[in-house]
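Visitor: One-letter residues, chain by chain:
Protein chains: 2
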Amino acid sequence: MEPYKYELSEDELPRQWYNLAADLPTPMQPPLGPDGKPVRPEMLAPVFPMNIIEQEVSTQRWIDIPEEILALLAMWRPSPLFRARRLEKALKTPARIYYKHEGVSPAGSHKPNTAIPQAWYNKQFGITRLTTETGAGQWGSALAFACSLIGLECKVFMVRISFDQKPFRKLMMQTWGANCVASPSNETQAGRDILARMPDTPGSLGIAISEAVEQAVTDKGGKTRYSLGSVLNHVMLHQTIIGLEARKQLAKAGEKKPDVVIGCAGGGSNFAGLAFPFVCDKIHGADITILPVEPESCPTLTRGPFVYDHGDTAKMTPLLPMHSLGHSFVPPPIHAGGLRYHGMAPLVSQTVVEGLCTPRAYHQLKCYESAVLWARTEGYIPAPETSHAIACAIDEAVRAREEGKEKVILFNWSGHGLMDLAGYQKFFEGRLTDYSLPQADIDKFLRELNGLPQAPAKKTGKW
Amino acid sequence: MEPYKYELSEDELPRQWYNLAADLPTPMQPPLGPDGKPVRPEMLAPVFPMNIIEQEVSTQRWIDIPEEILALLAMWRPSPLFRARRLEKALKTPARIYYKHEGVSPAGSHKPNTAIPQAWYNKQFGITRLTTETGAGQWGSALAFACSLIGLECKVFMVRISFDQKPFRKLMMQTWGANCVASPSNETQAGRDILARMPDTPGSLGIAISEAVEQAVTDKGGKTRYSLGSVLNHVMLHQTIIGLEARKQLAKAGEKKPDVVIGCAGGGSNFAGLAFPFVCDKIHGADITILPVEPESCPTLTRGPFVYDHGDTAKMTPLLPMHSLGHSFVPPPIHAGGLRYHGMAPLVSQTVVEGLCTPRAYHQLKCYESAVLWARTEGYIPAPETSHAIACAIDEAVRAREEGKEKVILFNWSGHGLMDLAGYQKFFEGRLTDYSLPQADIDKFLRELNGLPQAPAKKTGKW
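Chains as they are written, first to last, in numbering that gives the first Met the number 0: chain A, 0 to 462; chain B, 0 to 462.
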């Protein structure tokens, strides 16, 4: 019998995270404060605990994973590496397609890989309560799960329209003991101000971030901090356990290296988690094509410039050097999947500037078609976000067939779609269409960047 | 680091299913036809393919698992055996609690363990289309998944009230290419007759079975058969892969044997799947307490007599020797979980008659409380059915603490609850109550057994 799965035992769990900042050919540009000057670590202290801020600014290559965090990650890690043999047959491709199954975590996605360490470091620092925002609910669920294991209170501000449309996500958080409220809420000044002006607003990620940050920084006891599920350097760091495991598993499968590495990219963390160890290999000479995949309706990397921009709509965060469509950008409502973030992790953005990674954008109908083909060959029903990586993997496998090449394709199966079946329903009912964003729409949002500091795109030109 | 998981590699997959019928101290009594005479295998041929009927009546101890079935099961099997260390700590118990995680299958439960073989044997026999019924949707999803992999059409009659209340289960089936309709439907004579009399009926499992069986036996091309997800001998057989794997995994964990084996029991298949290999060990002298757990609101094993009864409400099936509450029994609507079947697998019933297994019944509030404690310690959110096994495992662990004994407790974590969060919502909102079924209600349903043949409870008295 040909093997489907390449598993690692718990004692083969990686003991260190990999920090790409140590190996980037051009150093990262610093985040800037409202005065245009670099943000100093201590300025972030009201928002994050100092042990996480240290990771955020670290350029140390390997960072030890504390034993207690490993023991918690071992509840579902190492995650299995599967070979998609049935899809290969359906596509008649000579390519060997491997995928890292991150849907096996209790929250159903890769998000707990950073939720657990973030909760743990906060607890170590004496924090008793975390606040966060969530859109569709993946991140809120993951942090609720992590806080329940580690013993922290957890407060989640969930964008109102999702709160109303996705009651089951809220129930997952409640099952894990978190307090999830619709945003804007009456619990913060930011929320009350917005409700006074727009009582019927559906909410937005920007508003929810403002509420979560406000509750953290205004806690007089100093025992509350804020937690973010993507974009920041320490989040990318925690997710590299995915790629580090995958490297060992590919070796067990008898593969020297992948030829193509693929991940979907919203804020960038699941892509970075799988890809960064292979970006390191590429920097050191390996021939690997690395593809972050985003939706055509939110084409941050493929059509957004590399700029300094705020991480949130309300401009509460520092300016980050990244690809961005402008901090007020929202994708058209016709889009049914996730990956709706206006910006992109600075570390991921820099790999694109350098030419180490080559972004692709996909229309949603092709992604849903790929998801259904996947479910009918490989069984697991993917999240709409994950379907972007699947669509790209299928394209690469078809290309390998056309070129007659035995390529090794590796992608990140970032999460299952069992909480997202409403999107499938719209697809089956023909209620989804593709949408190419007019350049004029992008330009409109980019105008809000006028007057912000410039982020020159620095590259070595080697890739 | 202390291990959480005890995994097997794919080449450690069991190569044979275990058939308890070969080892039962008293032979099984045969199913009876409407004339009160034993059903001959060929009489079942319009409903099931002959290769499955052969398994249904087999008394051979070990039955080879075909290589192609193994390759499909390997998509998620061997399933991990976890040790619930965090729950142990929370309970301060000296017991070691192990659970077999069947929620890792693409359909999210143990059901595909038999859906895959059933679809495969039908395909081998030249069948092109399977029909089935589903209540809450677990079994319909599993068969849809199996048919998509094996290349069969799949038709699912889903009880109308569930069809309307659980649209996401239908979408899972649709994603896997199955055709799922609300029952009663206009597609069968049985459905049309009922709709003419009761146009607003919410449907029932009994009606849905009638529709599915009718479509199988009236297919003029002879290429359609019916598939059942529990109760029958061949279903128990296919599920024994769970217990056979668990036995190997316990050995890897350094345990000689479990002291207590627990599974929830509706039709009996997930309980049997884990327990039967250990029932065999018990028959051969091992000291093991084996506990099937059912809801107090559908107490088939704990309060139903051992009788000959029909498997369905419409009395289309043969009479089976089993514990039953009467074929018209329906649990009170206050009950939010699964496990609503009026009867019980004949093989499971016989182990109870023999005293090899000792049934327990639990109220639903305790089950939901246990499920929430589980989610907050062990992470994974269980199905309401599974929560019955968890509640019993917790009780046994607490008893071990009180007795100061280092017991080894093993239970079947039969599936995740991500499609069942509406039940959790009712629990959190205080809309669930416990319900003890009055004896008069049971007696009312049992009166319909008057005039049916008797099934004498045969036992050796050894246990």
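Errors might be hidden in some of the hints.
The list treats identical chains as interchangeable, and a pair is accepted whether it falls inside one copy or across any two copies.
[What the hints assert, rightly or not] With a straight-line Cα cutoff of 27 Å, these simulated DSSO-like cross-link-like pairs (lysine-lysine) come out:
(1) Lys4 x Lys251
(2) Lys91 x Lys122
(3) Lys247 x Lys222
(4) Lys425 x Lys314
(5) Lys458 x Lys122
No lab work stands behind these hints, which were simulated from the structure alone. All values reported here derive from a predicted model rather than from experimental measurement.
Visitor: Hints first: check each against the structure and report whether it holds.
Guide: Now the hints, each set against the structure:
1. For the homomeric pair Lys4 and Lys251, the shortest alpha-carbon distances inside one copy (10 Å) and between copies (20 Å) are both at most 27 Å.
2. Taking the shortest alpha-carbon separations for Lys91 and Lys122, only the inter-copy value of 23 Å comes in at or below 27 Å, while the best intra-copy value is 51 Å.
3. Taking the shortest alpha-carbon separations for Lys247 and Lys222, neither the intra-copy value of 40 Å nor the inter-copy value of 47 Å comes in at or below 27 Å.
4. For the homomeric pair Lys425 and Lys314, neither the shortest alpha-carbon distance inside one copy (34 Å) nor that between copies (40 Å) is at most 27 Å.
5. Proximity of Lys458 and Lys122 under a CA criterion of 27 Å is satisfied in neither setting, with 39 Å inside one chain copy and 58 Å between copies.
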